[in-house]
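> Here is how the chains run, residue by residue.
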Amino acid sequence: MNAADDLAEALAFLRRRVAGEYEVDEFGFDPELNDKVLLELLRPLYRHWFRVETVGMENVPYDSGALVVANHSGTVPVDALMLQVALHDDHPAHRALRLLGAHLVYELPVLGHLARKSGHTLACPEDADRLLRKGELVGVFPEGYKGVGKPFSERYRLQRFGRGGFVASAIRAGVPIIPCSIVGAEEIYPKIGDLRFVARALGLPYLPITPFFPWLGPLGMVPLPSKWMIEFGEPVRTDEFEPDDADDPMTVFNLTDHVREIIQHQLNALRLRRGHAFPLFF
Amino acid sequence: MTHTVLVTGVSRHIGARLASMLAADPEITRVIGVDTVPPPSYELGGTEFVRVDLRSPDIAQVIAAADIDTVVHMSLVSAPSKGAGRSSMKEHNVIGTMQLLAACQRSETVSRVVVRSTTAVYGSSPHDPAMFTEDAEPHEPPVHGYAKDACEVEGYVRGFARRRPDVTVTTLRFANFMGPGVDSPITRYFLQPVLPTVFGFDPRLQFVHEDDAIEVLRRMAMEDHKGTFNVAGDGVMLLSQCVRRAGRPTIPVPSPAFRVLGELARSVGLMEYSPEQLALMSYGRAVDTSRVSAELDWKPKFSTAAAFDDFLRSHGLTDGLPVRTFDWLSGLGVGRGAGRPGGKAGSKAGSRAGGRR
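Going down the list, the sequences are from chains W and Y. Letter by letter, the first sequence follows residues 1 to 282 in our numbering. Letter by letter, the second sequence follows residues 1001 to 1357 in our numbering.
Please note that a few of the clues may not be correct.
[Unchecked claim] Derived lysine-lysine pairs resembling BS3-like cross-links, with alpha carbons at most 25 Å apart:
#	chain 1	residue 1	chain 2	residue 2
1	Y	K1226	Y	K1148
2	W	K134	Y	K1299
3	W	K134	W	K36
4	Y	K1090	Y	K1148
5	W	K134	Y	K1148
6	Y	K1301	Y	K1226
None of these hints come from the bench; they were simulated from the model.
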């Protein structure tokens, strides 16, 4: 591999982009753009800023469908993007994580179509079922806004897990649930207050006050360089259930609670293992 | 068995092609084509044309006089015509369908009704699943224009199917037609010199090639397949990808301005615009077609991308200016290195023809 080859490859890539000669899947996922541009922009953050370490990658299947269920935190959903880089770059099969996101993302200009190109789609049972049936690796954050927007004082405490729709989807598809804990995202924007009225006026779920935002303006939007670890736990099997069990609320609630407990325990252990959030400074 | 088929909307390309294809079929004895305006005669083949205004009860006489057994209702207009306005379009679509169905309900001979509808009935919103199945409930049902007409038409068709359970009623929801002969708001959009897009949005679009659409219509007219079916080419294309393949420049316009400019352009007759177009251009729409594939044991010949490429080829729009400029620049800059991207261009035709999946 020499410089001329690199250049030729880059030119070929650019030409494909200019000519529209690439393919997107039915959800709007553009694998080439995702790998070469979108993830590339996140990689410095992943490798050098947060120094993300992954544990238990062998628990993520090589080529079959699975549902990754993770804790959500950090005020701004950077954890979702880092999880995506982790599974693409650190998994031997370079798996594309198909994240299920909130409505809000798809209403907004720019963000909505970038999310689709990066492989995300709307969090709804139809899309989850469809992706899992196709053998994709689907990622969900059942805590939603309650998790990502919780105050700093409640860090590493899992919030309520929605209505358990993700569990029903996994049962219907008969795919394993992979409990995932992300440590480090809690410290990137420590949320100590909420500009509730402004948020409501802007139609946002919350508008955080951190020690640096909004006081330092744009500089306050730089995430703090905490040390991150992401652990994938042992898969929880769902193929012992009948697909009809997805309609049984008791089964769904019990399994939801079970997954939540696993993630909370895993989270506590991983937090101890990581040690201090800012090892350089202390 | 003898067949006498009535096809409405034969003055338009797809209707005319379907009628002439059915007329050429030995299993069908007679094809009667009706429309409010006469079609270009060469397209109709052996079809007998009867000029009927669908909004009038005359259609009942045509059906009674000819012992029609199959009705293919293609007469759904997607945009207001130049002279007449929106209200005449609505009358044509909705009242026309009501008159036709009223005539079918009275008829002793009609045993099969095939209605052309559109995937626009699903609307477009950021709250909808990525792929609509036939049973999906849209989050925001259409309240404007063509899509609303189609919803109302489907409502009357369902009512008819309930009242005449002995008649096989088939509703076909087509994605946007695409192909060399198609002339529709979306094909006219891609033929403009500069394409306005909604800033910050890149919708997923889906097309069905005219040949595939006609094949589905032909099968439905010849065989009994009760129910509602989505019909579209496999896969989706993003608008950005479509305009790149067309080699056309775009102007991204923020969505409120898009609405204002759209109304303005329509009032001076520059282009068609209706509010549901803004939703489609922002959020896009795609449908699941597994039901029709299973029912007919058939796959469309053209994927969405292949249908679009065929449309571009027929209008001489391949290898647009941006690609040629790029090749020229890369040839200038790196000399020998440009051989590689040029080589990729050669394989393009193959990958295009193959399409997705």
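> Determine for every hint whether it applies to the structure shown.
Checked hints:
Between K1226 (chain Y) and K1148 (chain Y), the direct Cα distance comes to roughly 23 Å. Compliance with the 25 Å bound is thereby established for this hinted pair. Distance check on the hinted pair: K134 (chain W) and K1299 (chain Y) sit about 19 Å apart at the alpha-carbon level, within 25 Å; holds. With a C-alpha separation of about 24 Å, the suggested pair K134 (chain W) and K36 (chain W) falls inside the 25 Å cut-off, and the hint holds. Between K1090 (chain Y) and K1148 (chain Y), the direct Cα distance comes to roughly 9 Å. Compliance with the 25 Å bound is thereby established for this hinted pair.
Between K134 (chain W) and K1148 (chain Y), the direct Cα distance comes to roughly 33 Å. Violation of the 25 Å bound is thereby established for this hinted pair. Distance hint between K1301 (chain Y) and K1226 (chain Y) is fulfilled; the C-alpha atoms sit about 23 Å from each other, no more than 25 Å.
Checked against the numbered hints given earlier, this structure breaks only hint 5.
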